[in-house]
Amino acid sequence: MQRLLEIRNLQIDFVQGHSRSRAASDVSFGVDSGEILCVVGESGSGKSITALSILGLLNRQGRVSGGEILFEGKNLLEMKEDELDRIRGTGIAMIFQDIMYSLNPVFTIGMQLTEGMIRHRGISRNEAWSEGIRLLERTGIRNAPQVMKKYPHMLSGGMRQRVMIAMALSCRPKLLIADEPTTALDVTIQYQIMELLRSLRDETGMSILLITHDLGVVAEMADRVVVMYAGQCIEEAPLAELLEHPAHAYTQSLMRAVPGIHDDRSHLLYSIPGYVPQEYGEMQGCRFAPRCPKGADCPIRSLEEWREIRPGHRTRCWIEGGAADDR
Amino acid sequence: MWKYVLKKILLAVPVLLGITIIDYAIMSLAGSPLDMMVGPRVSEAALASRAAQWGLDQPVYVQYWNWLMELLHGNLGYSYKSYQPVAELIGSHIGPTLLLMGVSMVLGLLIAVPAGIYSAVHRYEKRDYAVVSASFLFSSIPGFFLSLILIYFLNVRLGLLPSSGMSTAGTGGDALDIIRHLIMPSIVLAVGVAGGNIRYIRSAVLEILEMDYLRTARAKGMGRKIVIRRHALRNALLPIVTVIGMQIPTLFGGAVIVEQMFSWPGLGLVTMSAVTGRDYPVIMGVCLLSAVVVLASNLLTDILYAVVDPTIKY
Amino acid sequence: MIDEMAVLEVRHVSKDYRISGENSLIAKTFHAVEDVSLSVRKGETFGIVGESGCGKSTLARLMVCLEKPTSGEVLFQGMRMDTMPEGQLRRIRPRFQMVFQDSGSSLNPRKRVQDILREPMLYHRIGNRQQTDRRVDELLEMVGLPVEMKDRYPHAFSGGQRQRICIARALSLNPDVIILDEPVSALDVSVQAQILNLLRELQEKLGLTYVFIGHGLGAVHYVSHRIAVMYLGQIVEYGSSDELFDHPAHPYTKALLDAAPVAQVDARDRIRTSLKGEMDEEPPRGACPLFNRCPFADASCETFENRLREIAPGHFTLCSRAKEA
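Protein chains in written order, with our numbering: chain A, 1 to 327; chain B, 1 to 314; chain C, 1 to 325.
If you are wondering where the hints come from, they were derived from the structure by calculation, not from laboratory data. Treat the hints with care, as some may be off.
A few chain B residues that don't get close to chain A, going by computed Cβ distances all over 12 Å [stated by the list, open to error]: (1) Ile9; (2) Met36; (3) Lys220; (4) Gly221.
Below 27 Å or equal to it, Euclidean Cα-Cα: the simulated DSS-like pairs (lysine-lysine) are [to be verified]: (5) B:Lys313 x C:Lys28; (6) A:Lys149 x A:Lys74; (7) C:Lys68 x C:Lys42; (8) A:Lys149 x C:Lys276; (9) B:Lys225 x A:Lys174; (10) A:Lys149 x C:Lys28; (11) B:Lys8 x B:Lys313; (12) A:Lys150 x C:Lys276; (13) A:Lys74 x B:Lys7; (14) B:Lys225 x A:Lys149; (15) A:Lys150 x B:Lys126; (16) C:Lys28 x B:Lys8; (17) B:Lys126 x A:Lys80; (18) A:Lys150 x B:Lys81; (19) B:Lys313 x B:Lys7; (20) C:Lys254 x C:Lys276; (21) A:Lys150 x B:Lys7; (22) A:Lys80 x B:Lys225; (23) B:Lys3 x C:Lys28; (24) A:Lys150 x B:Lys225; (25) C:Lys111 x C:Lys150; (26) A:Lys150 x C:Lys150; (27) A:Lys149 x B:Lys313; (28) A:Lys149 x B:Lys126; (29) C:Lys150 x C:Lys42; (30) B:Lys7 x C:Lys28.
Predicted model, so just to flag it, every value in this text is computed and none were measured. Note that CB positions come from ideal geometry on N, CA and C, so glycine has one too.
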């Protein structure tokens, strides 16, 4: 059975003037119908740029230089712009981090919410307006009719994110890409938004591709997880499997480095030495190796090879005993 | 909204007052009109009586006060040269200046806005460089020089357009005739203001094009054309309003030179001769007028901003 | 609540801001901080948590006298700072320093690192050229940055490294207290851990006192000895870190802890306290600030005396219904 979204060997370059550097290498993963897949990684891991490339939203400097992105079997990278426009919003929708300006400050919420519906679903403005109110209420906004007439700057961050979600849902997409949707929000609002997304998936069967840097969010949301580091996918597993048996040295290190609320304070927090490499395009071998605590045990292996730990769980880490290691 | 406007108007009054004080001070420093009259055949007594007549024997602040009091009674004074009431003098010449300014402003916007947007949308391509180079050219050419070039080609060589006055002598001055006279001077003025404005609009639109909400609109599948036409351009209204606000005072001042070149019967001529002749009442009249124009254009831009930008609270 | 070991203290401080009402000419008052009293002991880290709009950043600024309180007192080692004349205050400032969240904008991009670090010393006229040079090297070593990079500009460094520069700058005048306002919130997980460890190391080595403001509960818990929870300008609970997080005594603290996503299997199925609706514009008068959103609120919450009470040694809460230990 074909997957809803399938990314194969995606390569993305970062072009500035005459210099070109690799931003994402050989990224491959898929999202099934109805599932929530989390892609987790720190800054510079290439997760956002991968998500943006799906809908062709890379900025001027990003160029896809290889690979395929298949949505319901068709390669999005080979589509013409107007074909892709028909998929944007209706097949695949996307929400962003909304720091301040993901919504146009000079248009009302109502206008921005109905615009896509009028274009894609061919309904009248009045119908779209009522539908908009219904969508806002579904995402938990009270006083929806009044909110429709407001401007984005009049709403709080949490409300704006709900509007974005309503907008994304308006054309009934099969896949929702959410790029760090809760990072800029307070923790109690974050919790409400995550609940909302989960309930929407349960209700409509919509798949969600959630990009985040927060392992806690992953634990709250994911069915399956893909871990990225320095432009590459380095581990992929179902949620429970990843949390209990992380197999890549980076994943293990990451989990140890997060301070938990009930941790013993007398122990020093584990911190990964060094920094995420800035220029990693030309690195040979495992990109985490320079910082890896078990670097000494690492057998030198080509980057392309995956190791299957258990069905559905694979990693690019070849350190023996990596999977059996505890936190 | 009315409270907003009222507040701005009330704030403008003290500013206006302050401007007139400074203007009067600078004017007095530049020299007395009596100096213009000194000559071998003018006696001391005659000068003194003139001075008394015009109140120039009194200290500057008293002179100013008298002027201000007269003003509040609706009297702008009388020209030292022609003894004509200043209000009449300005009134009869302001029409042509406003006409020239108005047409130049519209023309300037018609040049700058599309060019700036076009340039921004096609940034870093050859067409962008061409537009930007043109804008530098426009803003570098001195007004008088461009006037001379245009006069030479379009009037002297080709005889297409008239080069002086507002209407052909002897005729009644119908609309078409006035328009023909208007073409060259308004081109000169428009090109001058457009030069800087093209680049300003271009950089404002470039910023807009980087905004996240355009990405959101594209993610909704709205299509590149709609995204630019609806989402980007609506935000471009703000910098355009700024441009309008900046242009009005500039045009008012710039018209002076151009009016000289084309003998356009506007305030420019009046002002120039008043300044060289140290005709205090006329100078103050024109200064007051230009201050009002600038403050009014500021008020207009503030109102337009409030209309165009929903994030402004009033 | 007078604390002899207190090095930094605020007593009943409030900070009001006047904002113009939207549809009226009458200005409204926004109570950013309301009647907060805290004392920070020497050598400890006092953490302040809360969500946006709770007033924690305003409180931090009051504590370092970047702003004057509308009412109340700010004391540093027993001295009244809010009424101190500016000249005298300037002389004491080196003893309490601040580190901010956005290292990108708190460092002057046109200055080299060595000049940034040297600037406070030059301003207070401490040391000659040689001494300041040596001190710059010393500071860079202390925060784990390569000394060779001292003539580079901030943009050459990563976010974590820039934050280290900010810490080094704060240390340059040998302060007693450092206030850190969300110093790690903008950093990646692995870098956060590095900075948190650095802060703890420096505290031990130099005997520093910290006030650590953050919204990442895990990070605040890790560095802090005691923590206060703020909501709508008031402290709703405070106590030792472990006590507070293991036995939260206010529904807001519980809600925060429950909402924080935990990287454990089955974490999502746990039973949680959740709050109704969104944060109020203004706290309800004369009641607990959480009253409109609290799932446990009842009539008694509206009429009780709005004061923190001690339910266990060192553990204070605003909740009238919390049981004493």
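Going down the list of hints, with the structure as the test:
1. Consistency note on B:Ile9: stated as away from chain A, and its beta-carbon is indeed over 12 Å from all of that chain's, at 27 Å minimum.
2. Residue placement check: B:Met36 keeps its beta carbon more than 12 Å from all beta carbons of chain A (closest about 56 Å).
3. Once the 12 Å rule is applied to beta carbons, B:Lys220 is inconsistent with being away from chain A; the minimum gap is 4 Å.
4. At roughly 3 Å from the closest C-beta of chain A, the C-beta of B:Gly221 falls inside 12 Å, breaking its exclusion from the interface.
5. A C-alpha spacing of about 15 Å is found between B:Lys313 and C:Lys28, which places the hinted pair at or below 27 Å, so the restraint holds.
6. With a CA separation close to 39 Å, the supplied pair A:Lys149 and A:Lys74 exceeds the 27 Å bound.
7. The hinted pair formed by C:Lys68 and C:Lys42 meets the criterion: a straight-line CA distance of about 23 Å does not exceed 27 Å.
8. For the hint linking A:Lys149 to C:Lys276, the alpha-carbon distance of about 24 Å falls within 27 Å, and the restraint holds.
9. Taken as a hint, the B:Lys225 and A:Lys174 pair is honoured in the structure, with Cα atoms around 26 Å apart against an allowance of 27 Å.
10. Between the alpha carbons of A:Lys149 and C:Lys28 the distance comes to roughly 25 Å, so the proposed pair stays at or under 27 Å and holds.
11. For a cut-off of 27 Å, the pair hint linking B:Lys8 to B:Lys313 stands: about 14 Å separates their Cα positions.
12. Simply put, A:Lys150 and C:Lys276 have alpha-carbon atoms about 23 Å apart, close enough for the 27 Å limit, and the pair holds.
13. As the CA atoms of A:Lys74 and B:Lys7 are separated by approximately 61 Å, the hinted pair breaks the 27 Å bound.
14. Under the criterion of a C-alpha separation no larger than 27 Å, the hint pairing B:Lys225 with A:Lys149 is consistent with the structure, at around 25 Å.
15. For the given pair, A:Lys150 sits about 42 Å from B:Lys126 by alpha-carbon distance, which is inconsistent with the 27 Å threshold.
16. Straight-line distance between C-alpha atoms of C:Lys28 and B:Lys8 comes to about 22 Å, which keeps the hinted pair within the 27 Å bound.
17. Proposed proximity of B:Lys126 and A:Lys80 is supported: the alpha carbons are some 25 Å apart, at most 27 Å.
18. With a CA separation close to 61 Å, the supplied pair A:Lys150 and B:Lys81 exceeds the 27 Å bound.
19. For the proposed pair B:Lys313 and B:Lys7, the alpha carbon gap of about 14 Å is at most 27 Å, so the pair holds.
20. For a cut-off of 27 Å, the pair hint linking C:Lys254 to C:Lys276 stands: about 14 Å separates their Cα positions.
21. At roughly 26 Å between alpha-carbon atoms, A:Lys150 and B:Lys7 fall within 27 Å of each other, so this suggested pair holds.
22. Using a Cα cut-off of 27 Å, the hinted pair A:Lys80 and B:Lys225 holds, with the two alpha carbons roughly 15 Å apart.
23. Proposed proximity of B:Lys3 and C:Lys28 is supported: the alpha carbons are some 18 Å apart, at most 27 Å.
24. A distance of roughly 26 Å separates the Cα atoms of A:Lys150 and B:Lys225; the hinted pair therefore holds under the 27 Å criterion.
25. Using a Cα cut-off of 27 Å, the hinted pair C:Lys111 and C:Lys150 holds, with the two alpha carbons roughly 11 Å apart.
26. For a cut-off of 27 Å, the pair hint linking A:Lys150 to C:Lys150 is broken: about 50 Å separates their Cα positions.
27. For a cut-off of 27 Å, the pair hint linking A:Lys149 to B:Lys313 stands: about 16 Å separates their Cα positions.
28. A C-alpha spacing of about 43 Å is found between A:Lys149 and B:Lys126, which places the hinted pair above 27 Å, so the restraint is violated.
29. Note on C:Lys150 and C:Lys42: the hinted pairing is violated, with a Cα-Cα distance of about 32 Å set against a maximum of 27 Å.
30. Among the hinted pairs, B:Lys7 with C:Lys28 is consistent with the structure: their alpha-carbon atoms are about 19 Å apart, no more than 27 Å.
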